[in-house]
Amino acid sequence: MTVAAPTGTERIARAFARARGERRLAVAIYLTVGYPDRASTAALLRAALDGGADLLELGVPFSDPLADGATVQRANEVALANGITLEDCLAEARGVVAERDVPALLMGYANPFLRYGLDRFAGEARAAGVAGIIDVDLPAEESAPFDAALEPAGVARIDLYAPTTPDDRLARLVPRARGFIYCVSLTGVTGARRALGSDVAGFVGRVKAHARVPVVLGFGISEPAHVAALRGLVDGVAVGSAAIDAVTNATDRPAALRAFVRGLVDAGRS
Amino acid sequence: MKGRFGEFGGQYLPETLMPAVAELEEAYLAARADPAFEADLARLLHDWVGRPTPLTDATRLAAATGLRRVLLKREDLAHTGAHKINSAVGQALLAKRMGKQRVVAETGAGQHGVASAAACALLGLDCVVYMGTEDMRRQAPNVFRMKLLGAEVRGVESGTKTLKDAVNEAIRDWVTNVRSTYYLLGSAIGPHPYPTMVRDFQSVIGREARAQVQTLLGRLPDVVVACVGGGSNAIGMFTAFIPDAAVRLRGVEAGGKGIESGAHAASIVGGSVGVLHGTRSMVLQDDDGQIRGTHSISAGLDYPGVGPEHADLAARGRAEYVARTDAEALDAFALLSRTEGIIPALEPAHAIADLSFIRERYGAALDVLVCLSGRGDKDLETVMDALR
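Going down the list, the sequences are from chains W and D. Its first residue numbered 0, the first sequence is counted upward by one per residue in numbering that gives the first Met the number 0. Its first residue numbered 0, the second sequence is counted upward by one per residue in numbering that gives the first Met the number 0.
These aren't lab readings, by the way, just hints derived from the structure by calculation. We put the CB at the ideal spot given by N, CA and C, even for glycine. Incorrect hints may appear among the rest.
[As the list claims (entries may be wrong)] If we take Cβ atoms under 8 Å as the criterion, some of the chain D residues that face chain W in the derived model are: (1) Thr15; (2) Pro51; (3) Val274; (4) Gln289.
Assemble the whole structure, with the sequences as input and the hints as a guide.
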């Protein structure tokens, strides 16, 4: 008798349950596929997992990343110069999921997914074991065609909410969220910041009032102290630009990333 | 559905900006329903912009192109030298009404940047203009004009260093400062409500022109032609004529070095359906959905997308879209200068360049209305380089 492979949403739920069982915040690490070069992505994704990452966000490079700050913009440009396509991102996900059975999400912008074809993408994402996608320029108003393709495939489309999102909008949309909820910690673009936003607690509280799935905070989170300050407040953190910086500045990149991620994971233990 | 033009349009934006576009839509509708706003706008368009702009019966150009009549709607004579001021002053009034003291804008050729800077100076608003460094080099006089008008010009080094990258950077600024900042988008592109709002502010062009043509000829024109980058002057001109089924509407995109060369900026003629800068429209992209670099001798047309309403007009067949090359635009630039004593901007030179093709395709017995969207002072250096 064969056991059916878990769906993306199941993989996500399992990862948060494990972190909760270990009394720590889940850690999601974002890396742009193909940065700094095509060959190193597989090793970097595994290094993040070896450092204790619970979820992987595989960045799908886009030519016009208008929600990203300088670090991810640069990583996108390098990845595109290295010829990275959505197909490559699916292949990287397939490899790491087959080997480590982790929730791997593809994160990027709407146009490459649309160009690929949503039904084609959903089928291939399911086959690759992709847990979900995070599309930063796809608000609820535009998400219906994505949901129609992804939901039957068991691939979660992760909603993002921002400090500017009003309460009535949260009340209407948050209960429908699949997988987890991605809270944008600040009003701005991605990129490492020195300090957390001033009213993160208030914002997260407004989201949690309606949430039925785990809540993750991202954008700007760059160091263990930020993670420690979020214990008890959220279920997980997402770190991207600071992870890319850790890779960029290192000579032994996998080792540097592993150590960086371990620092974040340890800071999330209560 | 609101903000849709057929299958095009929408709001493909980061969540952070969704409340801002909702607030903008609400404020815009309230403003247009307020007689005081309409009176302020009408007064500024008349006293400060210099509207109505004239209609010139270009008899020597008509003779040179073999057409019965060529009528030029003279947006080049509007304050700051192009149609861009119509929307800039309307939006700056709206920003002020919304209590936003800070305005950000993007610019390609610099005309929208200059118009935004001027409108902000007039209304006492702070203005930051994002401009690709490649465009700053091509349009140095406009950079100086913006600075004279009190705006801060920020060079954009990312991507292709042209208009699309300036839009990216303006949106990043807007995301970051959304509570205090109004994004004064320059074309009929971007997320709802911009394509509708910019069209409405620009539709003064077509309203005036339609009445002027009827006064002059006692009938409507046979063909209305305008250049299309993002498409704000064209949609402003076309809107008044869309119900007139007998009037042929013709948009002229930037053919660059030729469509087959790949070095162009003709999003409808040479592009495909995609999402760029918050809207679903025709875009220039590769097989992987990456936005392609563009080329046009005209910085104002050098953009890989087009307003969603144009994409819909093309899909429905209500307007037709063609592309004219750099070389054809340069010839037209010289032709209009010599026949009518009017030096056009390189953008509407593409529309002028289409006149002989219109005659070839549809015959000589035509009255053709052209939107002369801007004047050519800013392009003299580019043209001198090209003719050298």
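How the hints compare with the structure:
Evaluation of the threonine 15 (chain D) hint against chain W yields a held restraint, the C-beta minimum of about 4 Å falling below 8 Å. Hint status for proline 51 (chain D) relative to chain W: violated, with the closest Cβ pair at about 37 Å, above 8 Å. For valine 274 (chain D), the interface hint holds, the least distance from its beta-carbon to any beta-carbon of chain W being 5 Å, beneath 8 Å. Look at glutamine 289 (chain D): its Cβ gets to within about 4 Å of chain W, closer than 8 Å, so that hint holds up.
Of the numbered hints given earlier, the model fails hint 2 alone.
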